[in-house]
Amino acid sequence: MGALTPNVLTPQDLEPNWRWENKLPAWGHTSVDFERRVDHDRLRRYRLSRTREALKNSPAGTLLLFDVNNIRYVSATKIGEWERDKMCRFCLLTGDDSPYVWDFGSAAVHHQKYSDWLEPDHCLAGVVGMRGTIPPEFGLMKKYAKQIAGLIRDAGMGDMPVGLDYAETAMFHALQEEGINVIDGQQIMLAAREIKNWDEIQLLTQAASMVDGVYHMIYEELKPGVRENDIVAMSNKMLYEMGSDDVEAINAISGERCNPHPHNFTDRLIRPGDQAFFDILQSYQGYRTCYYRTFNVGRATPSQNDAYVKAREWLEASIEMIKPGVSTDKVAEVWPTAQSLGFPSEDAAFGLQFGHGLGLALHERPIISRAVSMDHPMEIQTGMVFALETYCPASDGYSAARIEEEVVVTDTGCEVISLFPAEELPIANRY
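The sequence shown maps to residues 1 to 431 in UniProt numbering.
What the hints contain is simulated information worked out from the structure, not anything from laboratory work. Fair warning: this is a prediction, and the values are worked out from it, not measured in the lab. Keep in mind that the hints are not guaranteed to be accurate.
Calculated pairs, DSS-like style, for lysine-lysine (alpha carbon to alpha carbon, straight line, at most 30 Å) [unchecked claim]:
| hint | residue 1 | residue 2 |
| --- | --- | --- |
| 1 | K113 | K142 |
| 2 | K323 | K310 |
| 3 | K237 | K56 |
| 4 | K237 | K323 |
| 5 | K223 | K86 |
| 6 | K223 | K23 |
| 7 | K143 | K56 |
| 8 | K237 | K223 |
Each pair of labels, with its calculated beta carbon distance range [as the list claims (entries may be wrong)]:
| hint | residue 1 | residue 2 | range |
| --- | --- | --- | --- |
| 9 | E177 | L9 | 28 to 38 Å |
| 10 | D85 | E35 | 36 to 46 Å |
| 11 | A233 | V182 | 40 to 50 Å |
| 12 | T30 | E177 | 20 to 30 Å |
| 13 | Q187 | G225 | 42 to 52 Å |
| 14 | N236 | E21 | 35 to 45 Å |
| 15 | P302 | E241 | 31 to 41 Å |
| 16 | F138 | V182 | 31 to 41 Å |
| 17 | V32 | Y219 | 28 to 38 Å |
| 18 | P120 | E248 | 24 to 34 Å |
| 19 | E21 | F138 | 33 to 43 Å |
Think of the CB as a built atom: it goes at the ideal place given N, C-alpha and C, for glycine as much as any other residue.
Turn these sequences into a full structure, and let the hints steer you where they fit.
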């Protein structure tokens with residue numbers, strides 16, 4: 001296909017190529033000659049075109065990226081998940097140049113051989129601080145800040161600010177010492193990433209379909225004698241066998257641990273009559289899921305049923321609001337206040353009645369919450385993909401229901417892509 005350079009990118013590459021006339025497909029994971037599935041060349045061109053457009057609409061002339069989600073979005077490079085929090089890789093997009101990627105040792109050589117959409121001499125070996133384990137006095141940050149400043153000047157962008165997503169404090173200082181004016185680049189990147197093209201939507205749908213299957217397994221396995229961590233282990237195994245590239249986390253919360261929500265899992269044994277909820281956060285080809293389901297074990301009390309019905313009603317009310325042009329404050333308005341649920345403030349209840357964009361990161365635009373949306377609403381747009389989640393504590397004082405759906409914003413409304421049944425409270429292994 002050739003390098004991702006401006007002379008290859010065309011205005012057509014900004015087209016999202018949506019097809020809303022039928023149900024969103026969840027294709028098989030392999031490439032075949034008889035169906036047009038994910039077009040990875042189109043995906044790469046779209047993401048870089050979106051980034052260039054967002055950069056053009058910003059005060060910056062350059063983007064310097066350490067966030068691995070942004071690096072992947074711009075350059076379509078990825079190494080093992082171990083690097084996610086190391087800040088050891090970085091990417092530069094400046095002027096009319098194609099992306100530069102500094103990667104971990106031999107990974108740069110691998111990109112030169114196999115990532116033919118990048119210019120080989122733009123794939124460089126490099127490392128800076130690795131969260132401070134390589135001290136600044138070793139000089140690597142100064143070395144690469146100088147190299148980056150030179151490339152920016154060569155591209156004719158030396159007089160314009162540089163959008164930086166995040167970096168180690170010492171790297172900020174090294175860039176400033178080279179005369180670079182740093183501004184917030186994360187907002188530029190989030191603006192680029194908030195509208196998904198057809199290929200991104202297909203990958204997000206494929207990722208959700210994997211979790212559909214895991215929840216069917218949980219429905220069958222959830223019974224007394226099984227521990228929360230057993231469910232987590234079985235879910236990890238199944239997801240990786242289906243092709244997940246990262247199981248970021250699985251929440252497994254049961255019984256008296258349901259209220260308040262602890263956002264974790266333990267070795268607690270499942271017991272008869274427990275209410276239990278789970279969240280599966282994983283990615284397929286980088287594209288993430290956030291997908292809660294609540295079950296009862298064997299039987300349910302009226303209090304537990306009531307909590308589930310309320311959580312479902314709040315969720316349905318928010319889904320009904322989703323269409324292009326609606327602002328996020330209008331969605332948040334249909335959810336109960338923190339005080340009505342017994343919390344002192346919206347900050348204390350943050351994340352319980354919640355919406356957040358999905359993509360290469362778990363949390364993208366838009367964020368929907370009473371804590372932020374009422375005063376800072378955003379417009380919902382066609383091509384956004386996000387999760388909506390609700391939580392209702394039960395009147396028994398310890399049970400709770402938690403449900404979440406993933407939605408794709410179409411031209412006229414939205415389509416739910418998280419399909420394990422949740423209209424009514426599922427009873428696993430009913431007595």
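Results of checking the hints against the structure:
{"no.": "1", "hint": "K113 - K142", "in the structure": "holds (29 Å)"}
{"no.": "2", "hint": "K323 - K310", "in the structure": "holds (23 Å)"}
{"no.": "3", "hint": "K237 - K56", "in the structure": "violated (44 Å)"}
{"no.": "4", "hint": "K237 - K323", "in the structure": "violated (36 Å)"}
{"no.": "5", "hint": "K223 - K86", "in the structure": "violated (39 Å)"}
{"no.": "6", "hint": "K223 - K23", "in the structure": "violated (35 Å)"}
{"no.": "7", "hint": "K143 - K56", "in the structure": "holds (28 Å)"}
{"no.": "8", "hint": "K237 - K223", "in the structure": "holds (19 Å)"}
{"no.": "9", "hint": "E177 - L9: 28 to 38 Å", "in the structure": "holds (34 Å)"}
{"no.": "10", "hint": "D85 - E35: 36 to 46 Å", "in the structure": "holds (37 Å)"}
{"no.": "11", "hint": "A233 - V182: 40 to 50 Å", "in the structure": "holds (43 Å)"}
{"no.": "12", "hint": "T30 - E177: 20 to 30 Å", "in the structure": "violated (50 Å)"}
{"no.": "13", "hint": "Q187 - G225: 42 to 52 Å", "in the structure": "holds (49 Å)"}
{"no.": "14", "hint": "N236 - E21: 35 to 45 Å", "in the structure": "holds (37 Å)"}
{"no.": "15", "hint": "P302 - E241: 31 to 41 Å", "in the structure": "holds (39 Å)"}
{"no.": "16", "hint": "F138 - V182: 31 to 41 Å", "in the structure": "violated (22 Å)"}
{"no.": "17", "hint": "V32 - Y219: 28 to 38 Å", "in the structure": "holds (31 Å)"}
{"no.": "18", "hint": "P120 - E248: 24 to 34 Å", "in the structure": "holds (32 Å)"}
{"no.": "19", "hint": "E21 - F138: 33 to 43 Å", "in the structure": "violated (58 Å)"}
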